[in-house]
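Colleague: Using the sequences provided together with the hints, build the complete structure.
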Amino acid sequence: MKIRDVMTRDVHLARPGDTIQAVAERMARGDFGFVPVAEGDRLIGAVTDRDLVVRALAAGAAPTAPIVEYITRDPHTVLDTDDLKSVLDLMASRQIRRAPVVDKHGRIVGVISLGDLSTRVKERYAGEALESISR
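Each residue of the sequence shown is one higher than the last, beginning at 1 in the numbering used here.
Note that these hints are calculated values from the structure, not bench results.
Values in this document were obtained by computation on a predicted structure and should not be read as measured data.
Every residue gets a Cβ at the ideal spot worked out from N, C-alpha and C, and that includes glycine.
One should not assume that every hint holds.
[Claimed, not checked] Quick list of simulated restraints, FRET-style, between CB atoms: (1) A58 / P16: 15 to 23 Å; (2) D49 / S118: 13 to 21 Å; (3) A59 / K2: 19 to 27 Å; (4) G60 / R4: 37 to 45 Å.
Modeller: See below:
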């Protein structure tokens, strides 16, 4: 099975000039904690709800500060044509729970999370990945 078969396609992207408050509001409304940041259709980074708290809020950032100041640059990505095992290995080795999905042209086409994988792969493999991520 390929990543494109289980990834979330309805991805909410942020733009570099979006404010941290606007991104946080979208996260709250949509009940998600991860947003890829793109210029056009090119991924430049990603931000999590934790990033907003630890990097922005804790540092005293103004709500109007641009999100680009608080993103993780060059996040680990996976190709939509990769096998599910490769993303589980990535998540376990890098201790991440989500990864942006790009196509062969490097355009963002989705996000894959441990939750997406847990419903589609053998429970044992998802459990092993979660154990590695949680260390």
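Colleague: Next step is simple, just say for each hint if it's right about the structure.
Modeller: Hints, one by one, checked against the model:
At roughly 21 Å, the beta-carbon separation of A58 and P16 lies within the given 15 to 23 Å, and the hint holds. Checked against the hint of 13 to 21 Å, the C-beta distance between D49 and S118 comes to roughly 20 Å, which is consistent with it. The given range of 19 to 27 Å is broken by A59 and K2, whose C-beta atoms sit roughly 40 Å from each other. At about 41 Å, the beta-carbon gap between G60 and R4 stays in the expected band of 37 to 45 Å.
The structure fails to meet hint 3 from the earlier list, while all remaining hints are met.
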